[in-house]
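Novice: Listed below, chain by chain, are the residues.
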Amino acid sequence: MNRLAVHLPGLSMRNPIMPASGCFGFGKEYANYFDLEQLGAIAIKATTAEARFGNPTPRVAETTAGMLNAIGLQNPGLESVMTNELPWLERYDVPIVANVAGTEIDDYVATTAKLSTAKNVHAIELNISCPNVKQGGIAFGTIPHIAAELTREVKNVSKVPVYVKLSPNVSDIVEIARAVEEAGADGLSMINTLLGMRIDLRKKAPILSNGSGGLSGPAIKPVAIRMIHQVSQVVDIPIIGMGGIQTAEDVVEFMLAGASAVAIGTANFTDPLVCPTVIEQLPALLDELGIEKIEDLIGGSWRETCNVR
Amino acid sequence: MNRLAVHLPGLSMRNPIMPASGCFGFGKEYANYFDLEQLGAIAIKATTAEARFGNPTPRVAETTAGMLNAIGLQNPGLESVMTNELPWLERYDVPIVANVAGTEIDDYVATTAKLSTAKNVHAIELNISCPNVKQGGIAFGTIPHIAAELTREVKNVSKVPVYVKLSPNVSDIVEIARAVEEAGADGLSMINTLLGMRIDLRKKAPILSNGSGGLSGPAIKPVAIRMIHQVSQVVDIPIIGMGGIQTAEDVVEFMLAGASAVAIGTANFTDPLVCPTVIEQLPALLDELGIEKIEDLIGGSWRETCNVR
Amino acid sequence: MNKGLLTITKQRALTSHVMEITCEGPLTKKMTEPGQFLHLRIDATDDLLLRRPISICDVDQKQGQVKMLYRVEGKGTARLAEKLEGMDIDVLGPLGNGFPLEVTKEGETALLIGGGVGVPPLYYLSKQLKAKGVKVIHILGFQSEKDVFYKEEFTELGPTYVSTVDGSHGTKGFVTDVIHHEGLTFDTLYSCGPTPMLQALSTLYPDRRVFLSLEERMGCGIGACFACVCHVVGDETGTSYRKVCTDGPVFPVGEVVL
Amino acid sequence: MNKGLLTITKQRALTSHVMEITCEGPLTKKMTEPGQFLHLRIDATDDLLLRRPISICDVDQKQGQVKMLYRVEGKGTARLAEKLEGMDIDVLGPLGNGFPLEVTKEGETALLIGGGVGVPPLYYLSKQLKAKGVKVIHILGFQSEKDVFYKEEFTELGPTYVSTVDGSHGTKGFVTDVIHHEGLTFDTLYSCGPTPMLQALSTLYPDRRVFLSLEERMGCGIGACFACVCHVVGDETGTSYRKVCTDGPVFPVGEVVL
Ligand SMILES: Cc1cc2nc3c(=O)[nH]c(=O)nc-3n(C[C@H](O)[C@H](O)[C@H](O)COP(=O)(O)OP(=O)(O)OC[C@H]3O[C@@H](n4cnc5c(N)ncnc54)[C@H](O)[C@@H]3O)c2cc1C
Ligand SMILES: Cc1cc2nc3c(=O)[nH]c(=O)nc-3n(C[C@H](O)[C@H](O)[C@H](O)COP(=O)(O)OP(=O)(O)OC[C@H]3O[C@@H](n4cnc5c(N)ncnc54)[C@H](O)[C@@H]3O)c2cc1C
Ligand SMILES: Cc1cc2nc3c(=O)[nH]c(=O)nc-3n(C[C@H](O)[C@H](O)[C@H](O)COP(=O)(O)O)c2cc1C
Ligand SMILES: Cc1cc2nc3c(=O)[nH]c(=O)nc-3n(C[C@H](O)[C@H](O)[C@H](O)COP(=O)(O)O)c2cc1C
Ligand code: FES
Ligand code: FES
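Residue numbers (numbering that gives the first Met the number 0), protein chains in the order written: chain A, 0 to 308; chain B, 0 to 308; chain C, 0 to 257; chain D, 0 to 257.
Hints are computed from structural coordinates only; laboratory data are not their basis.
Where is the CB? At the ideal position from N, CA and C, for every residue including glycine.
Careful: at least some of the hints might be erroneous.
[Said to hold, decoys possible] Quick list of the computed label-pair ranges, beta carbon to beta carbon:
| id | chain 1 | residue 1 | chain 2 | residue 2 | range |
| --- | --- | --- | --- | --- | --- |
| 1 | D | E23 | C | D59 | 41 to 47 Å |
| 2 | A | N1 | D | M86 | 35 to 41 Å |
| 3 | A | E287 | C | V164 | 14 to 20 Å |
[Stated by the list, open to error] BS3-like cross-link-like pairs, simulated, lysine-lysine; straight-line CA separation at most 25 Å:
| id | chain 1 | residue 1 | chain 2 | residue 2 |
| --- | --- | --- | --- | --- |
| 4 | C | K2 | B | K27 |
| 5 | C | K82 | D | K9 |
| 6 | D | K131 | D | K28 |
| 7 | D | K74 | C | K82 |
| 8 | A | K202 | B | K292 |
| 9 | C | K29 | B | K27 |
| 10 | A | K203 | B | K292 |
| 11 | A | K27 | D | K29 |
| 12 | D | K9 | A | K202 |
| 13 | C | K82 | D | K82 |
| 14 | A | K158 | A | K118 |
| 15 | D | K2 | A | K27 |
| 16 | D | K28 | C | K74 |
Please build the complete structure, drawing on both the sequences and the hints.
Specialist: In structure tokens form, the structure reads like this:
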């Protein structure tokens with residue numbers, strides 16, 4: 000028995016750890032640091048229908064216990080991901096979660112239709128934090144019926160399960176989660192970054208040339224834990240948890256909150272070996288906590304009949 | 000000329016620094032550490048119509064670069080604040096910002112009607128992050144028309160200017176800010192805490208007995224800066240900025256974002272002398288940045304005709 | 000203003016998890032009351048935002064030195080354990096109300112009961128009681144033999160009994176088992192330790208001269224934030240309270256709800 | 000896998016703001032290419048999350064030592080400046096593509112132009128060029144006399160000119176003023192410094208053998224996060240890019256948009 004294994008729609012993972020989208024490129028760089036086959040899955044960088052350059056630099060800024068990014072979804076575009084990036088990843092026996100972004104529903108649909116046919120893509124992750132051009136730039140993920148419509152259309156064409164990645168910048172995360180579940184989402188990813196800004200005192204202007212950016216890292220962990228705790232109790236689909244994870248303890252905290260698997264983002268920049276290190280540390284921590292199989296942790300902070308108490 | 004002076008409705012402040020509500024009690028404890036007359040103003044602990052005990056303990060938990068609190072608005076109630084706390088503070092020549100909380104609009108109205116008659120209360124700060132009992136516990140501050148109604152009713156009875164303290168846990172902070180401005184708010188305070196949670200791995204339950212709590216401290220600073228930057232550009236009323244301030248540099252960053260004064264919360268626990276220390280450090284920092292009067296900083300990161308560039 | 004820097008002069012491990020740290024600095028002059036605590040800013044980085052409350056274990060007024068014993072529990076105490084001699088720690092304190100000495104007269108017997116890291120503050124208390132001519136008896140409760148510390152130090156001051164949960168040292172069981180076993184009596188009982196222990200003592204001696212030191216998660220440590228409150232026994236309004244940081248940490252038995 | 004610990008063996012101030020740090024460790028063996036950089040995790044606390052990129056200034060392969068010079072700029076470099084001998088730093092590197100040595104033949108002349116903290120990587124470059132029989136000339140640009148560092152070190156390798164913005168040392172003005180003033184010529188020009196300086200050199204010598212080292216805020220430092228990209232000159236699609244961390248930091252003139 001593999002006590003670290005977790006099972007989610009489309010994703011049979013040897014352990015609950017995957018690098019988070021946008022923080023691991025398409026895997027090549029980190030392959031110089033460790034064997035990617037150690038990972039439970041890999042969430043690749045957001046792919047859009049066309050190649051994108053993204054925002055002007057500076058694109059990142061540090062904050063206390065966090066960072067801001069405004070990369071602007073730079074990526075080589077659907078064609079190149081299909082012909083270059085995904086085939087390269089086939090050398091590893093590890094399921095790929097393909098993150099999809101766009102500015103209109105049709106973008107998402109077109110990209111998903113194709114990406115979901117790739118041999119090693121086992122799940123689609125919809126990045127609904129992108130600005131919706133038809134709605135004047137309001138993010139898809141902040142309006143329940145639009146998030147639902149997007150989910151429904153994408154589900155119609157996807158060959159693999161669809162995870163919807165929720166934006167935390169909302170008044171009521173439960174409302175959005177329920178809307179996308181009802182629209183057919185197979186799972187949720189949460190959370191994407193919080194919107195933040197830093198200002199350069201000397202230039203008297205925001206540090207990021209985009210002005211604001213997405214806040215990630217340990218600073219946001221309590222917000223992620225709270226939202227996962229809330230949402231996991233009211234939806235029946237599994238959650239991939241993320242937001243500030245750095246250690247095996249953090250992984251357990253996310254799973255107790257209600258996550259079925261986790262993604263590690265920013266911490267890869269601090270330590271390129273963070274994913275294999277966390278995976279290695281998990282068994283000893285489970286022993287210490289008296290947990291046999293890691294799946295027994297899921298929702299342990301609220302599940303009445305939880306077999307871990 | 001006092002180069003640190005700032006002028007807001009009801010508040011003529013000798014400097015832009017006030018301790019934040021709930022983080023300074025009613026001043027007595029910190030008076031053992033420094034002369035409160037050094038402060039620009041004091042925001043006292045939230046007052047409710049009746050005395051409240053608040054939530055069971057544990058009420059605080061540490062997070063990376065932040066803390067969670069679920070005090071539950073413990074306070075001695077309106078009567079006691081009027082007869083004990085405010086008169087004690089009269090010995091200091093410093094304007095008091097009286098923070099008001101409640102569970103129904105009538106609570107806020109009754110409390111404001113009385114508190115705003117106190118000699119040293121120069122402004123009311125409406126804490127609209129409280130759960131609204133009539134709306135099934137949804138916070139007043141997350142629904143624009145309810146926030147506006149509350150503001151309007153309170154403005155009707157208040158003898159002093161009313162600042163509305165916005166909750167950051169919303170999809171669109173600008174919408175709420177506009178709604179309360181239209182309803183007559185004289186100023187805004189932002190931001191209150193983000194909702195967060197931490198889970199104890201050994202107990203397999205949230206650390207706070209209330210489950211979730213409010214996240215404050217440097218972790219949330221980028222969110223506060225972003226929201227103030229957004230809101231200050233679209234409203235005509237001044238903003239008291241807060242969220243993770245610890246240093247004179249932080250104060251300048253908030254003012255460049257668009258705040259006209261600031262409040263310091265959590266940092267008082269780390270260092271009871273943080274307010275006087277920051278006040279003392281401001282002039283040298285202004286010199287370094289080539290700023291004559293601190294008011295010249297307000298909105299400096301976006302104001303076109305800003306005289307600080 | 001009880002705020003200042005203490006300089007670490009020595010740090011050593013007493014067990015695999017408990018450290019003894021010795022510091023010096025002018026603030027020690029104020030540390031005269033046993034049972035008070037210090038609120039430590041472990042270091043100046045922003046990821047540890049809150050101070051940590053640690054009891055005063057012993058003060059040498061001549062040398063201007065204070066000792067604290069602490070268990071390496073989480074992030075803060077782990078980082079404290081890495082500090083080296085010569086480094087400074089930013090301290091608030093002494094804070095709170097300690098154990099009352101005056102209630103126990105010369106010639107009377109005081110029973111001091113500590114559990115785990117509740118043991119340290121009793122040491123300074125015992126020294127002061129003994130100096131005053133009070134007969135001191137100690138019961139120290141630990142999990143297991145390997146967790147026992149300061150047994151010799153207490154034994155030098157008076158009879159000292161140890162209980163361990165697993166029976167690997169002294170009496171098997173809890174501190175209350177020692178009381179019964181040994182038939183110990185007292186004029187005043189002073190105790191510090193986990194809440195279940197304090198509850199057991201309250202149940203045994205609801206009407207005796209008993210003082211209990213409480214623990215609660217703290218924010219400010221000085222009475223401003225209302226993080227550390229407890230209910231008052233017999234309060235009908237439900238709104239009466241005591242703050243552990245300023246009204247306590249020591250309370251007479253029966254005053255606050257445990 | 001270019002990751003490991005370096006141990007600090009020495010740290011000293013060169014000016015009021017610039018520090019020289021010397022470290023040793025097995026990783027130094029790989030540090031053979033001038034112009035590469037190290038990505039430093041200043042310390043293990045969570046409030047500094049990102050690594051800091053600092054150029055390799057000199058390597059002593061016999062001693063297994065590497066030197067870096069850095070300006071105390073913000074939180075991270077300030078904390079680095081507090082580190083003591085014997086402490087370890089977690090390092091990724093050497094990273095990136097450095098200055099090409101092979102393009103400059105024995106007997107040719109190389110002009111090395113550095114501005115501020117762009118000066119350090121040119122030192123290791125100059126040593127290697129000189130060892131190869133290339134004639135090296137240096138121009139170092141600073142704000143003011145008090146900011147000048149490493150003038151003697153460079154002078155030992157070849158003629159060294161200094162410019163200061165305020166004229167308090169060497170030529171008043173910019174490094175380009177020195178070129179004109181002294182009528183300097185070269186076969187290869189290598190430069191590192193602020194973007195306006197690199198832009199001025201690109202404009203002067205668009206078609207010459209010129210190599211420029213760029214600076215950009217970084218996340219990963221290894222090519223995965225797309226924080227540090229720049230546009231490619233003449234790219235019509237607008238989507239071509241180079242990453243400063245892996246394609247650079249050194250680029251031939253005219254390759255990327257400055
Ligand atoms: C009045 C008082 C006196 C104390 N005296 C001692 C002593 O002499 N020796 C000793 O070993 N311990 C003592 N404690 C407990 C000690 O404060 C905690 O063990 C310590 O704060 C844990 O910090 P950490 O960073 O290692 O743990 P973490 O779990 O990382 O701490 C996170 C947060 O929780 C708080 N916290 C965690 N556990 C406790 C606890 N048991 N009590 C209060 N706050 C807690 C921390 O202060 C911090 O704010 C005392 C507590 C109080 C209230
Ligand atoms: C390839 C490369 C080589 C460098 N070599 C040197 C060198 O040899 N000596 C030296 O003094 N400096 C060098 N720098 C600049 C150095 O990285 C920054 O001065 C340093 O990161 C500032 O960190 P801080 O924490 O002190 O400042 P903060 O402003 O607190 O840093 C906040 C964040 O911004 C980033 N940042 C701030 N300024 C810069 C900058 N100018 N360039 C890149 N990132 C920045 C930091 O890395 C950090 O992520 C180099 C930069 C690059 C990209
Ligand atoms: C540099 C960077 C780029 C990111 N790019 C993407 C992206 O392309 N698509 C996406 O859904 N999320 C993206 N994210 C968000 C992360 O996947 C993750 O949800 C978030 O950073 C929180 O996790 P962390 O705190 O572990 O980083 C990005 C985050 C960072 C820091
Ligand atoms: C312990 C604690 C109690 C608080 N109580 C109140 C309160 O009673 N009323 C209120 O409006 N805000 C309250 N706040 C929020 C603060 O006033 C402030 O808005 C927030 O903490 C962000 O600032 P900071 O990061 O500087 O703490 C409280 C915060 C803390 C940490
Ligand atoms: S810790 Fe703040 S009131 Fe006790
Ligand atoms: S810093 Fe991440 S790609 Fe260059």
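Novice: Indicate, hint by hint, whether the structure satisfies it.
Specialist: Results of checking the hints against the structure:
{"no.": "1", "hint": "D:E23 <-> C:D59: 41 to 47 Å", "verdict": "42 Å, holds"}
{"no.": "2", "hint": "A:N1 <-> D:M86: 35 to 41 Å", "verdict": "40 Å, holds"}
{"no.": "3", "hint": "A:E287 <-> C:V164: 14 to 20 Å", "verdict": "19 Å, holds"}
{"no.": "4", "hint": "C:K2 <-> B:K27", "verdict": "17 Å, holds"}
{"no.": "5", "hint": "C:K82 <-> D:K9", "verdict": "21 Å, holds"}
{"no.": "6", "hint": "D:K131 <-> D:K28", "verdict": "20 Å, holds"}
{"no.": "7", "hint": "D:K74 <-> C:K82", "verdict": "21 Å, holds"}
{"no.": "8", "hint": "A:K202 <-> B:K292", "verdict": "18 Å, holds"}
{"no.": "9", "hint": "C:K29 <-> B:K27", "verdict": "21 Å, holds"}
{"no.": "10", "hint": "A:K203 <-> B:K292", "verdict": "15 Å, holds"}
{"no.": "11", "hint": "A:K27 <-> D:K29", "verdict": "21 Å, holds"}
{"no.": "12", "hint": "D:K9 <-> A:K202", "verdict": "34 Å, violated"}
{"no.": "13", "hint": "C:K82 <-> D:K82", "verdict": "14 Å, holds"}
{"no.": "14", "hint": "A:K158 <-> A:K118", "verdict": "11 Å, holds"}
{"no.": "15", "hint": "D:K2 <-> A:K27", "verdict": "17 Å, holds"}
{"no.": "16", "hint": "D:K28 <-> C:K74", "verdict": "36 Å, violated"}
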